[in-house]
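Trainee: Going down the list, the protein sequences come from chains P, Z and R. Residue numbering for the first sequence follows our numbering, beginning at 141 and increasing consecutively. Residue numbering for the second sequence follows our numbering, beginning at 19 and increasing consecutively. Residue numbering for the third sequence follows our numbering, beginning at 1288 and increasing consecutively.
One or more of the hints may lead you astray.
[Stated by the list, open to error] Examples of chain P residues toward chain R, derived with CB under 7 Å: (1) GLU158; (2) LEU160; (3) VAL161; (4) HIS172; (5) ARG186; (6) LYS346; (7) PRO394; (8) LYS405.
[Said to hold, decoys possible] When the alpha-carbon atoms are kept at most 25 Å apart in a straight line, the in silico PhoX-like pairs for lysine-lysine are as follows: (9) LYS349/P x LYS405/P; (10) LYS349/P x LYS200/P; (11) LYS25/Z x LYS59/Z; (12) LYS159/P x LYS1290/R; (13) LYS346/P x LYS405/P; (14) LYS283/Z x LYS177/Z; (15) LYS217/Z x LYS349/P; (16) LYS200/P x LYS217/Z; (17) LYS159/P x LYS200/P.
Think of the hints as simulated: they come from the structure by calculation, not from any bench. Remember, it's a predicted structure, so these values are computed and weren't measured experimentally. Think of the CB as a built atom: it goes at the ideal place given N, C-alpha and C, for glycine as much as any other residue.
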Amino acid sequence: MATLAFQQSEDKVLKPIEKLVYERPHALDETHTHYCPGCTHGIAHRLVAEVLDELGVQEKAILVAPVGCSVLAYNYFDVDGAEAAHGRAPAMATGLKRVNPDSVVFTYQGDGDLASIGIAEVIHAAVRGEKITVIFINNAIYGMTGGQMAPTTIEGQVTTSSPLGRDVAATGFPMHIAELLSGLPGTVYSVRRSLHDTRHIIQAKKAIKIAFEAQLQGLGFSIVELLSSCPTNWGMTPTDALDWVRDSMVPQYPLGDYKVVDELKRKRGRK
Amino acid sequence: MAKELLKGNVAIAEAAIRAGCEAYFGYPITPQTELLEHMSKRMPELGRTFLQAESEVAAVNMVYGAASAGVRVMTSSSSPGISLMQEGLSYIAGSEVPAVFVDVMRGGPGLGNIQPSQSDYNQVTKTAGHGDYHPIVLAPSTIQEAIDLMVLSFDLADKYRTIVFMVLDGAIGQMMEPAELPPMRELPTERPSWALTGKGNRDKNIVTSIRLGAQPLADFNDILQEKLAVIEKNELRYDELYTDDAELVIVAYGTAARVAHTAVKRLREENIPVGLFRPISLWPFPYQRLGELADRVPTFLSVEMNAGQMIHDVREAVGRDVELDFFGRPGGIIPLPEEVEDKVRAMWRQQELAAQIN
Amino acid sequence: MAKGRVVIDVERCKGCELCIQACPQDVLTLSDEFNSKGYRPVFLMEHENECTGCALCAVACPDACITVYREIPQKKARPAPSAAAAD
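Isolated chain P, as found in the complex (with noise of 0.2 Å):
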């Protein structure tokens, strides 16, 4: 994808000076997104942009937006796409991706939409090893509703529906989404990353890549979680809230692959 800028030298042969090393994806829109800053839906969006531009996709892939901050990812996306109802986002991928076989389909959901309402479609699409891709993004918190406890609130985290911190013998423990669907049988890829440093933002692209790769193959369903930031709910600069990543959600949810099946392993070892 490099393009070269040139300069014209003395013997009038064109030599490269310059070379682009980073531009914003093809696959985004270029409508800016209402997100908070520094929040880090907005690198989600831009990883899921960079592996279809590199994958080649952007052509055939259908995005399916969740109900939450992401509600209107459609627009930042030059993907078509649909806006589902609350949770839904996986059935109504199912729908697209049935009767549209050749087309690349992902759903995009946040962890009151996946985890809570949500939770009986997610687990029959990946039952049914549904050849879609889902990118769960999990911040801890309801984030468009200002702040809720979401079923990912880690213990003891303050929120504005539990004042005094979770408290899990009232209100349950936090989900392990990438865990949960790494034991059913239609999953083929299930795993966890995060968005909290450059490091993790580069490993946690190369998952999503995998992703998409395995809808590709047609091996069936494939999830990816991304550990994210709230700066605005969680009451933190947008860098804190990147160390509270670190530091509070990385130890609740460790990163991993849980589940990989062996062609997607043997594909990676050939690289």
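On the provided structure of chain P, position chains Z and R as indicated by the hints.
Mentor: Here is chains Z and R on its own, set in the frame of chain P:
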């Protein structure tokens, strides 16, 4: 094609396939399950999509997905399942994608029972989900009519990019009658311009029901209402029997209309001037035609297999200056023709008495 | 060390500072000016710790508003059509 003996649910499924249904998503529920079972066999045979969903909630959203892709898609269910689908129905309406629903109604409320009923009149005609809209609702009273209306349902859904419901009760779903299936249609080779298929070389398409600004949502509602007004004008369907000289008109649809039909025939032999008005489109409801009848007919009777749901539309149609009575059997009981006859005889005696006094 | 430069889409930038934290060369800082959304966008400072074009700022950016260029050392930039054909 010759007539053959067909079971209602199976005939409807096969009619849908022949009308070009490319995808079916559903969940088992009595008394419509034979429809799903027929689809599970035939759709894969034809290389089309069949999927048994994990719930009606998932099924309706799978329908939403496939509808967004611009294929002819349907689901079928029965009353409690339709209740679960209300959310998806509203999103489909808000996105203006075409989808077809078959509701083989059973008794309610709650889990109720699995007997034939017309308990869903309100829930399907009065919006079917939150927001200002109506699906087109068609109500057959025979298996042949169910077949014909099934084909029409897909055509109307595509024409108006709207939801079309065909509502029947377990009696029509489960009975067998001689009927003729339509010829198999060719599937379209192209998707509509608005469909989600991957953008390819065109600009991206978006299917959504969210319009965050107040004015954009108001504008969308205006457009939706304009479309509904066109449907109200163009898609009225009803049938009439002996209404020309009737002095008492029964209003009934579906199985209740079959019962009323028998009663009317017998009562005519007793020289009671009774007629039958049978709405086929429950939405749009034929208010105007019923209102015209009310200019001349002094007495109406709404016969329903519920505690009285359509009667409110009948009242709106006929106005306050005519008599309107109700006979209904909720709970999954099909009224007997004799019961309807007794009710009409009693009403007719009152009417004659009143005429003598005046 | 390679030299680079970054171009910021100032209207898209929300001044979240994640790129500033990610930059190993400490060459990014917030502007004193505001963009039309009211944010202070980031910009590349001109001082001794030069940008290397490593693109980590772009990797960290939630708004995909950073474009990164890196200079190609002149000795490696020999135009060779025959070599290109060999690729």
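Trainee: Determine for every hint whether it applies to the structure shown.
Mentor: Evaluated hints:
1. GLU158: Holds, because the Cβ-Cβ distance from GLU158/P to chain R comes to roughly 5 Å (cut-off 7 Å).
2. LEU160: Cβ of LEU160/P sits 6 Å from chain R, so the hint holds.
3. VAL161: Holds: closest Cβ of chain R sits about 5 Å from VAL161/P, inside 7 Å.
4. HIS172: holds (6 Å)
5. ARG186: This hint holds: ARG186/P lies near chain R, its Cβ roughly 5 Å from the closest one there, short of 7 Å.
6. LYS346: Not OK, violated: LYS346/P not within 7 Å of chain R, min 12 Å.
7. PRO394: At about 23 Å, which exceeds the 7 Å cut-off, the nearest Cβ of chain R leaves the hint on PRO394/P violated.
8. LYS405: With Cβ-Cβ at 26 Å, over 7 Å, it is violated.
9. LYS349/P x LYS405/P: Cα-Cα ~13 Å, so holds.
10. LYS349/P x LYS200/P: Holds, because 16 Å separates the two Cα atoms, which is no more than 25 Å.
11. LYS25/Z x LYS59/Z: holds (16 Å)
12. LYS159/P x LYS1290/R: Roughly 11 Å separates the two Cα atoms, so the pair holds.
13. LYS346/P x LYS405/P: holds (13 Å)
14. LYS283/Z x LYS177/Z: With a Cα-Cα distance of about 38 Å, the restraint between LYS283/Z and LYS177/Z is violated, given a limit of 25 Å.
15. LYS217/Z x LYS349/P: holds (20 Å)
16. LYS200/P x LYS217/Z: holds (6 Å)
17. LYS159/P x LYS200/P: The hint is violated at about 29 Å.
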